[in-house]
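These are the residues of each chain, in order.
Number of protein chains: 2
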Amino acid sequence: MIKLTAKDKEKLEIIYKKALDQYDDYKALNLKLNMARGKPSPEQLDISTDLITALNKADIDSCSSDYRNYGMIDGIPEAKELFAPMLEVSTKEIIIGGNSSLNMMYDIIIKALIKGVPGVNIPWISSGKVKFLCPSPGYDRHFAICENLGIEMIPIEMTQFGPDMDTVERLTANDESIKGIWCVPKYSNPEGITYSDEVVDRLASMKTKAEDFRIFWDNAYAVHHLSDKKDDLKNVLKACKEAGNPDRVFIFASTSKITFPGAGIAMLASSEDNINGIKKLMSVQTIGPDKLNELRHVKYFNSYENILLHMKKHASILKPKFDLVINILQEQLGDMEIAWWSKPNGGYFISLNTLDGCAKEVVKKAEEAGLTLTNAGATFPYGKDPKDKNIRIAPSYPSLNELKKAIELLCICVKIVCLKKKLEE
Amino acid sequence: MIKLTAKDKEKLEIIYKKALDQYDDYKALNLKLNMARGKPSPEQLDISTDLITALNKADIDSCSSDYRNYGMIDGIPEAKELFAPMLEVSTKEIIIGGNSSLNMMYDIIIKALIKGVPGVNIPWISSGKVKFLCPSPGYDRHFAICENLGIEMIPIEMTQFGPDMDTVERLTANDESIKGIWCVPKYSNPEGITYSDEVVDRLASMKTKAEDFRIFWDNAYAVHHLSDKKDDLKNVLKACKEAGNPDRVFIFASTSKITFPGAGIAMLASSEDNINGIKKLMSVQTIGPDKLNELRHVKYFNSYENILLHMKKHASILKPKFDLVINILQEQLGDMEIAWWSKPNGGYFISLNTLDGCAKEVVKKAEEAGLTLTNAGATFPYGKDPKDKNIRIAPSYPSLNELKKAIELLCICVKIVCLKKKLEE
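Those sequence lines, one after another, are chains A and B. -16 is the number of the first residue of the first sequence in the numbering used here; add one for each residue after it. -16 is the number of the first residue of the second sequence in the numbering used here; add one for each residue after it.
Incorrect hints may have been included.
In this list, chains with the same sequence are indistinguishable; a pair is considered to hold if it fits within one copy or across any two.
Said to hold, decoys possible - Taking lysine-lysine pairs in the DSBU-like style, the calculated list, with each CA pair at most 35 Å apart, reads:
(1) Lys347 / Lys75
(2) Lys348 / Lys112
(3) Lys262 / Lys348
(4) Lys40 / Lys295
(5) Lys404 / Lys10
(6) Lys403 / Lys217
(7) Lys348 / Lys0
(8) Lys112 / Lys262
(9) Lys347 / Lys388
(10) Lys263 / Lys348
(11) Lys263 / Lys15
(12) Lys347 / Lys262
(13) Lys10 / Lys263
(14) Lys112 / Lys192
Everything labelled a hint here was simulated from the structure, so no lab data went into it.
Using the sequences and the hints given, assemble the complete structure.
Structure below.
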């Protein structure tokens, strides 16, 4: 870090003191703001109001089989047709599940641990240690599954193009206990990065010491653009096939942030062989998913094109919130070299990096003034951010007014913590 | 077996030959009847038609929190209140889940294998072999879970009061690897037996060598009476508490055979400590169940009393079918001492026992004439009926007309196979 001149120091000291005063003002407001999770706002949920009443008896009568009854473990054909284009797979390469893609991920990992992955069928646990590569910062719930199931996590640095592939390739080529990698490949959680074509190709084609190494491709934000400026993600299943590793990837998605988080539908896509293997294992576990909720979604959307139009309505609510956050960050912290942030084209998060060693303290300060943020460190395996610098901002839930207050307060906290550090150096 | 007199033999031979002719007549009809599974009929599903449109936007607005969004891992309070009386537990002793109670059973067993049961927290798999007691005949999907997960099954004979408790007590007292027992305690699958109070008490109070032994109490037919002649089942959770083993039982149920098999809701009841432990483990797996489908059920039923009234409609459709089956069995096989059957007060099945060594052949004969039955042996662990005598009859799905044909054909097949055996002895 460049040494501050006396003049610079004086300037920063004034800002720091002002921030201390502002912090007290905010504290006096007794705010109660929560930005911990990437939850859609009530206004966003209202977009899908008609889904609630989209289904009637006549719709059910017009179906080829009785979706009210047992069966169809992999979901109804109409839902496969609706969502296959979203994941760029064929209808034979997709399973439509319950309301939670996280549950499908957990399930696949459990099955791999106990029964092995389809085609290999050697339980991961039979080989002792199981390790996962965890591009970080990443999604805390992915990491929580690993931690809960005793899977050792190896953090991988994120670049602007995706995970640091040199490290990923080196590790997977040499360690047979590395069985998987977590990826949020589009508008990544929390950085909003979309993997480059090269990263996708390298993941698809790299040599892995473990024959049963699998990519867990959580494409949670496939159609979640903030505007017409969209990121493109290379088709990973196609890339895997072309690289001669057709069974390497499990792709997950859901309508949680398309329709309702609490009543959407989730899906899993993979090679036909993987899908058939998973279906066989699932048949022990359940007799089928909620087919009426699948049909409800089919009747509501009718076509993939309508899903894309529907997402524009979400964007029209989300874009002003993301703009507001980025504008305030720029205004308040833009020239100070104490914080840097992502400017994503989609997804649900803005990733804020402070000076090293400051994130925990910033989050604590915010909490004390009534603003709950995602725990600092939560975006890293075991909750440990090695540089203690990453803060995840989730702008979707609060109103614009609340969000303005929250981000202004956050900026004040960043100034208090980071400027103090900078001035002391 | 009493030796047949020459006169008896002659009489049976006439019946046998007539049955052979009748069988050919049926075969010529090219029937295609399926009675393999306990599926509700379309007429039964029509009872719940209004459930499909039971929910509207105003219902959602009137709730204390936004059920469209993430959260509430254990279900909505209104659904707990609605279903707690059905399982005779408090609202703190119940979790409302997705659409499949089988999935909840599978999940609890997976968690026990990998993480241990709440309160003990020692993974079942860490102790090597895991065994389950399997009262048989029983539910094939229970046995399939065990077989799939490598859990060794020990068949336990069923008496008219429930499992043979002398054997159950002896085994659990002496073998630490016995971790569970499967029970369908009311209108059991397939025999329609309801466990006696004594059996419930002995299960609740017996000494178990394994501290983490658990009862898997699949109360699938809690309110599924065929008429006002109802069986009573003792409250097992209460019995466990009184016996000083409050955490011994996991109770499962669903609305699969109350509303829609493909779009119902499932539930798990247990001690508060167990529920809290399970909730903690579930929080890694999912962010919550489909709360709108829970609310839909709440709005549709409104009260537990209405569920009971609703079940009378099912009974009015099912009772004539059960009566028809039992009447034809009596008429055709009543005096021949070649077959015996259950006469349940509820549930979904009639259990037919033939002479030893005949069940497989009867099912095969039926299949060849166009009637698909549950595989003979399916009601026993590993699909092996040691006496090859049990056939599960599922009368719910076919129409009365089809059912009449199916059971007449079944009786002909029983005569052909069993009389042949009897005459040859």
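Homomeric proximity label, Lys112 with Lys192: Cα distance no greater than 35 Å:
both (14 Å within a copy, 31 Å between copies)
At most 35 Å between C-alpha atoms: does Lys404 with Lys10 qualify within a copy, between copies, both, or neither?
Only inside one copy: Lys404 and Lys10 sit 22 Å apart there, 89 Å across copies, limit 35 Å.
Checking an output row: Lys347 and Lys262, CA cutoff 35 Å. Within, between, both or neither?
between (46 Å within a copy, 28 Å between copies)
Homomeric proximity label, Lys263 with Lys15: Cα distance no greater than 35 Å
Answer is between: at 26 Å across copies they meet the 35 Å cutoff, but 48 Å inside does not.
For the identical chains here, do Lys347 and Lys75 meet the 35 Å Cα criterion within one copy, between copies, both, or neither?
between (49 Å within a copy, 33 Å between copies)
At most 35 Å between C-alpha atoms: does Lys112 with Lys262 qualify within a copy, between copies, both, or neither?
Both. Shortest intra-copy (27 Å) and inter-copy (27 Å) distances satisfy the 35 Å Cα cut-off.
Which holds for Lys348 with Lys112 at a C-alpha limit of 35 Å: within a copy, between copies, both or neither?
neither (39 Å within a copy, 52 Å between copies)
When no copy is specified for Lys347 and Lys388, does a C-alpha distance of 35 Å or less occur within a copy, between copies, both, or neither?
within (17 Å within a copy, 74 Å between copies)
How would you classify Lys348 and Lys0 at a CA-CA limit of 35 Å: within, between, both, or neither?
within (15 Å within a copy, 91 Å between copies)
Alpha-carbon proximity context of Lys10 and Lys263, limit 35 Å
between (57 Å within a copy, 33 Å between copies)
Intra- versus inter-subunit Cα pairing at 35 Å for Lys403 with Lys217:
neither (44 Å within a copy, 68 Å between copies)
Within, between, both or neither: how does the pair Lys262, Lys348 come out at a Cα-Cα threshold of 35 Å?
between (49 Å within a copy, 31 Å between copies)
Going down the numbered hints, you'll see the structure goes against 2, 6, while the others check out.
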